[in-house]
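Note that our numbering numbers the sequence shown so that position 75 is 59, with each residue one more than the last.
In case anyone wonders, no lab produced these hints; they're calculated from the structure. Watch out, some of these pointers could steer you wrong.
[What the hints assert, rightly or not] Calculated cross-link-like contacts (lysine-lysine; reagent style BS3-like; alpha-carbon spacing at most 25 Å):
#1 Lys44 to Lys(-14)
#2 Lys9 to Lys44
#3 Lys(-14) to Lys9
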Amino acid sequence: MKLGNVLIPVADLDEAIAFYGLPVKFRDGDRFAALDGGGVTVALAGPAEHVTPAAAPSYKVDDVRESVRELAGRGAEVVRGPEEGPHERRAVLRDPSGNVFVLYSPL
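Please take these sequences and the hints and turn them into a complete structure.
Structure follows, in structure tokens:
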């Protein structure tokens, strides 16, 4: 598991890109934008891609399903099971302290 980005749900992608003022690495219309935050990507999720209600770390894994099984066995709560997004397979979990995080792997 490796920190891939910090996912931030936003109401308006253009407004959020302007606000953060970071270079855009990738953009998918009004759905998603990856900004270059230096050591970590700032991932802005437009309304169509809101998978968490607040900012959350996203961890890149080799196999989302297997990682969900492993972490659930260690006490994580599955908030949203593995699903395919437009560019990745993802799942949303909550750690034993109640913090939400995302697991993903590129398609």
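Here is how each hint holds up against the structure:
no., hint, result
1, Lys44 to Lys(-14), "5 Å, holds"
2, Lys9 to Lys44, "17 Å, holds"
3, Lys(-14) to Lys9, "19 Å, holds"
Consistency with the previously given hints is maintained throughout, with no hint failing.
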